[in-house]
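Residue numbers (this note's numbering), protein chains in the order written: chain X, -4 to 288; chain W, 598 to 955; chain E, 4 to 288.
These aren't lab readings, by the way, just hints derived from the structure by calculation. A hint or two may mislead.
Which bits of chain X does chain E cover? Going by a derived footprint, with three or more residues having C-beta under 8 Å, they are [stated by the list, open to error]:
| # | region |
| --- | --- |
| 1 | 7 to 14 |
| 2 | 60 to 69 |
| 3 | 104 to 114 |
| 4 | 123 to 137 |
| 5 | 269 to 277 |
Under the rule of at most 27 Å between Cα atoms (straight-line distance), these lysine-lysine pairs were calculated in the BS3-like manner [to be verified]:
| # | chain 1 | residue 1 | chain 2 | residue 2 |
| --- | --- | --- | --- | --- |
| 6 | W | Lys712 | W | Lys774 |
| 7 | W | Lys713 | W | Lys614 |
| 8 | W | Lys775 | W | Lys712 |
| 9 | W | Lys713 | W | Lys698 |
| 10 | W | Lys775 | W | Lys764 |
| 11 | E | Lys141 | X | Lys180 |
| 12 | W | Lys691 | W | Lys774 |
| 13 | E | Lys141 | X | Lys102 |
| 14 | X | Lys3 | W | Lys698 |
| 15 | X | Lys32 | E | Lys141 |
| 16 | X | Lys102 | X | Lys(-2) |
| 17 | X | Lys(-2) | E | Lys281 |
| 18 | W | Lys764 | W | Lys774 |
| 19 | X | Lys(-2) | W | Lys614 |
| 20 | W | Lys712 | W | Lys691 |
| 21 | W | Lys691 | X | Lys(-2) |
| 22 | W | Lys713 | X | Lys3 |
Glycine included, each C-beta is placed from N, C-alpha and C at the ideal position.
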Amino acid sequence: MEKRVVFKHPVLPYLLLAPQLIITLVFFIWPAGQALKQSVLIEDAFGLSSELVWFDNFIELFEDPLYLESMEITAFFSVCVASLALSAALYLAVQADRVIRGAMTYKTLLIWPYAVAPAVAGVLWLLLFNPTLGILPFLLRGVGYDWNAQVNGGQAMLLVVVAAAWKQISYNFLFFLAGMQSIPKSLIEAAAIDGAGPVRRFWTIVFPLLTPTTFFLIVINIVFAFFETFGIIHSVTQGGPAGATNILVYKVFNDGFIGLDLGGSAAQSVMLMGIVIGLTVIQFRYVERKVHY
Amino acid sequence: MAEVSLRDVRKTYGDVKVIHGVDCAIADGEFLVIVGPSGCGKSTLLRMIAGLEAITEGEISIGGRVVNDLEPAERDIAMVFQNYALYPHMTVYKNMAYGLKIRRMSKDEIDARVKKAADILELGELLERTPRQLSGGQRQRVAMGRAIVREPSAFLFDEPLSNLDAKLRVQMRVEIKKLQENLGITSVYVTHDQVEAMTLGHRLLVLNGGVVEQLGSPIELYERPASVFVAGFIGSPSMNILTARIAAEGGAVELPGGDRLPLSNGGSAGQAGQRVTLGIRPEHLEIAEEGADAARLTVEVVELLGADTLVHGHFGNDRSDLTVRMGGIHNLKHGEVLPLKVSPDHLHLFDSGSGARL
Amino acid sequence: MIQTRPWLTYLTHAVLLIGILIVAYPIYFTFVASTHTLRDVVQVPMPSLPGGEFFGNYWQAVTAGLGEASGTSAVGAGRMMFNSLVMALGIAVGKIAISIIAAFAIVYFRFRFRMTAFWLIFLTLMLPVEVRILPTYKVVADLGMLDSYAGLTIPLIASATATFMFRQVFLAVPDELTEAARIDGAGPLRFFWDILLPISRTNIAALFVILFIFGWNQYLWPLLITTDPNMLTVVVGINRFLNVGDDQIEWPIVMATTMLAMLPPVLVVVFMQRLFVKGLVETEK
Chain X
-4 MEKRVVFKHP
6 VLPYLLLAPQ
16 LIITLVFFIW
26 PAGQALKQSV
36 LIEDAFGLSS
46 ELVWFDNFIE
56 LFEDPLYLES
66 MEITAFFSVC
76 VASLALSAAL
86 YLAVQADRVI
96 RGAMTYKTLL
106 IWPYAVAPAV
116 AGVLWLLLFN
126 PTLGILPFLL
136 RGVGYDWNAQ
146 VNGGQAMLLV
156 VVAAAWKQIS
166 YNFLFFLAGM
176 QSIPKSLIEA
186 AAIDGAGPVR
196 RFWTIVFPLL
206 TPTTFFLIVI
216 NIVFAFFETF
226 GIIHSVTQGG
236 PAGATNILVY
246 KVFNDGFIGL
256 DLGGSAAQSV
266 MLMGIVIGLT
276 VIQFRYVERK
286 VHY
Chain W
598 MAEVSLRDVR
608 KTYGDVKVIH
618 GVDCAIADGE
628 FLVIVGPSGC
638 GKSTLLRMIA
648 GLEAITEGEI
658 SIGGRVVNDL
668 EPAERDIAMV
678 FQNYALYPHM
688 TVYKNMAYGL
698 KIRRMSKDEI
708 DARVKKAADI
718 LELGELLERT
728 PRQLSGGQRQ
738 RVAMGRAIVR
748 EPSAFLFDEP
758 LSNLDAKLRV
768 QMRVEIKKLQ
778 ENLGITSVYV
788 THDQVEAMTL
798 GHRLLVLNGG
808 VVEQLGSPIE
818 LYERPASVFV
828 AGFIGSPSMN
838 ILTARIAAEG
848 GAVELPGGDR
858 LPLSNGGSAG
868 QAGQRVTLGI
878 RPEHLEIAEE
888 GADAARLTVE
898 VVELLGADTL
908 VHGHFGNDRS
918 DLTVRMGGIH
928 NLKHGEVLPL
938 KVSPDHLHLF
948 DSGSGARL
Chain E
4 MIQTRPWLTY
14 LTHAVLLIGI
24 LIVAYPIYFT
34 FVASTHTLRD
44 VVQVPMPSLP
54 GGEFFGNYWQ
64 AVTAGLGEAS
74 GTSAVGAGRM
84 MFNSLVMALG
94 IAVGKIAISI
104 IAAFAIVYFR
114 FRFRMTAFWL
124 IFLTLMLPVE
134 VRILPTYKVV
144 ADLGMLDSYA
154 GLTIPLIASA
164 TATFMFRQVF
174 LAVPDELTEA
184 ARIDGAGPLR
194 FFWDILLPIS
204 RTNIAALFVI
214 LFIFGWNQYL
224 WPLLITTDPN
234 MLTVVVGINR
244 FLNVGDDQIE
254 WPIVMATTML
264 AMLPPVLVVV
274 FMQRLFVKGL
284 VETEK
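With the sequences and hints as input, model every part of the structure.
Given below as C-alpha cells:
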C-alpha cells in the first residue's frame, strides 16, 4: 500500500520521525539488546564482573523445575482465562444481539470493566474473596467449604483467573457483538426458513462466520493473559502461595528485581520476547488476513 | 501568452513506456480535449502538464516558460479532479479561498475573487456549506470555482464529469463550454467519452496506448480519421469497419458478399486488388435503387428510436455486424434485403495491416 | 428479526441482567465497604447497603491516605490521582503527537531508510514493557528519570499501535486531496496542518480515549520507577496500601481509594462510548 502522491524534502521526514525513533531506540531497542546481552552473561549483583556463558543461562532455565513449573502455570492460567472470558463473552454477546430494546444500555453496562486496571480488578476480587471480609468465603463457609486463597494454591489460581477473565469479558463481548452484527440478517433468515432452530442456527451459521473474530480474540486473550495480568498477580497473590500463581511475567520481575538474578531474569525476558514475537507473527500472518471490518 | 506546448514528451515507469512521444502546441485560449480509451495514458499526460508526474523525456512549456522542473504550485495552473477533491472539513468558501490564502492574497482580494466565481457558477447560496451537504453537480461546480479563482494560465480537467449521472453530465458539459468561452483561459480536458470530446473541444488529441493517433478539430476527425482507431472511436453509433478488397480493375471496392461500391475518382488510395479495411459511418448508408452500385444488406434487427431507425445486418454471408442509421421510422423485417449506397467521399479506406488511412 | 417464543426473550434479558450483576457486583461490594467504618466492614457478613461514612472515608482517602500506619508517609489519593492524571494525559497526548507525525513521514514521503524506520517501529509491537523490565529500568535510572513525571511517561509513548493506526487512516485519504493541495500551493507541513489533521479528528479523539485509559491503568512501570510516595499513581498506591504487613488494614480507606482509582477511566468509557469503541476497533486492525 503506497501513496501515489508524495512529498520530496531532504530533511523533513527525518525530523518528523526523530521523536518516535529516538524514544524507540533509547527505551525499546537498546534495553532489548541489553536483555539479550545479559542473557548470555553471568554477572554479579553489582555489575562489576561478567562472564560470557553463551546459552548456559537458558539451559539452566530449562533445567530449573521452578521455571518449567512457571511455564506450566502460565499456560494453564492463559487457557483458563481465555476460555472463561471467551465463552462468557460469546454467550452474553449472543443474548445482547437478540434484544432490540435496551441493547445500548446493556452494551454500556457490560463494557466498562475494560476501563478497570488489571491490578484494580485484582484488588476487587481479592476483597470479595478475602477470608476475613469477603462475602464469598462467608457464603462458601455456609456450605461447609473453607476458603483461604492465601494458603490454598488452587484457590489462589481460581481467584486470579476469575479476576482476569472478569476484566477481559467486556473486551471480547464488544468484538463478538460487532462480529455478529456484521453477519447479514438474510443468512440467518434463510436458515430459519430452511427449518433450523436458534441453537442450530447459531452453531452452523453464526459461529463459523465468527471464526476470524474468534481467532483474533484468542490471540489477544492469550497475549493479555501472558503479559497484562502482571498487575493482578502482583497485587493479589505475589506469585504465591508457594509459587502456585507464579506466571512467567511475574517471575521475570521477581527474579530480577527482587532476587537480583540478572542473567536468569534476562534469559527469561528473552524467552518472553520469543513468545511475543511468535504470537505477533501468528496474529499478523494468519489472523489479520481473514479479519475485515 | 498562455500557450501550452508539449515537445516530444515521453513517460516511462521503470521499463514500461507509457507515453511514446507526444507533440502538441495549444494556443492561448484554446480548449484541447485529450481523448482515448482507458489506460491510453491521457491522465498521465495531463498530470505531467500539472506537475504531478515527472516528465521522463521531452519538454512542456506553459506561457512560454519551460515547466519540467517546476512544482505544480509554480506552474500557474489549476486543476479540476474527477472526484472533485474538495477539502471535506472546509466550507465552500474556504475551499475556494485556500489556494489564494496560501499565496498570501489580501482578504479583500480573496473575498472579491471568491464572490465573483460564485456568481458565475451560481454558488452564492452555498458558500457556507460543507461538501458533505452538496450534491454531485454542486460539488463539481465548487471544484471549478476553486480553479477559477486562481485565474491561472491554464485549466486542467481530469474527467470531471465521469461521476455524474447522464442528464447532469449533458447539462454540465454545456456549462463548461460556456464558461471556457467566457473566460477564455487555455484548457486541457481529459475524457474517455467521445461525445464530450466532440462537443467541448476546439481540437481533439486522440491517444491510444501512449501514442497520438490524430490531432485535429472534431470535424476533421469525423470526416478524415487518420486511422482505423480514430475512425471507430469518434462517432456514435460507431463507424462500420469491414474487411474489403479493392476491385481488380480499380475504381470500386468489393464488399464481403460480392457487392461493390464505387470509389471516388482520382482516388489514390490503394492499389487494385489490395485488401483493405473499409469504414462507413452508419449515417452515410442510404437506401438505393436496386442496381449494380448497391450493397445489399440482409436485415437482422431493427431498432425504432422514433427520430431515427437503426438497422443491424450483414452483407452477403459475412458475419460482421453492420449498422445503418436512417432518419424517421422504417418498419423493416428480419431477413429483408436492403439495397444501400454510399457517396464515395464517405468511404474510408485504411491499410489492413497498420490501420493508417490510405 | 426472527420471531421467537416470548419466554426466550425474557430469558435473554434475564441472562443479560445476570451478566451485568456479575460484572457490577465486585464494584458494588467495594463501594459499600468504602462507606462504612472499619469495624462494620470487618464484621462478617458485611452490611449490604452503603453506610454513612461516605464523606468521612473519601475525604480521608483523598487527603491523607492511610496515615502513619501505611508507612507511606500519608499520601492522599488526591495527590495520587493527580499523578495518575499527569501520567495518563502525558502518555495520551505524547503518544498521539509523536505517532501522528511519524505516520505522516512514513506515508507521505520517500526517503532512504523509510522502510528501516517502519520496521524499527514495528518491532516495538513485540516488545511490551514486561519483556524488557530490567534493562529499561536501568536506562531510565541512568538518565536520572526515576521518580519523575518524565520517567513515568516518556518510555511509554513510543509504541507502534498509534503509528500504525494513523498510517491506515492516512493511506485511506484520497490521493487527489493531496494533489489538489499541492496545486493550491500547500507544502507538506501546511498540508498536514490544514488538511490531514482536521480530517483525522475523530480518529485522534478515539485514540485519545483508549490511550488515556491505557495510561491511567499502567501498573508495572510506575511500580518500578517510583519509590517516592509523592509520585505514586493511584493504581499503584492501592497495592502499597494492601501490603502493609499484618497490621490492621484500613479497609474502608483502601476501598475508597480503589473506587477513586477506577472512576476516571470508567467515566470516560461510559460517556465517550462511541469514541471508545471506535478507538478499540481502529487500533486492532
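**Report entry** Structure versus earlier hints, numbers of those that do not hold, lowest first
**Finding:** When the structure is compared with the hints, numbers 2, 7, 11, 13, 16 and 22 turn out to be violated.
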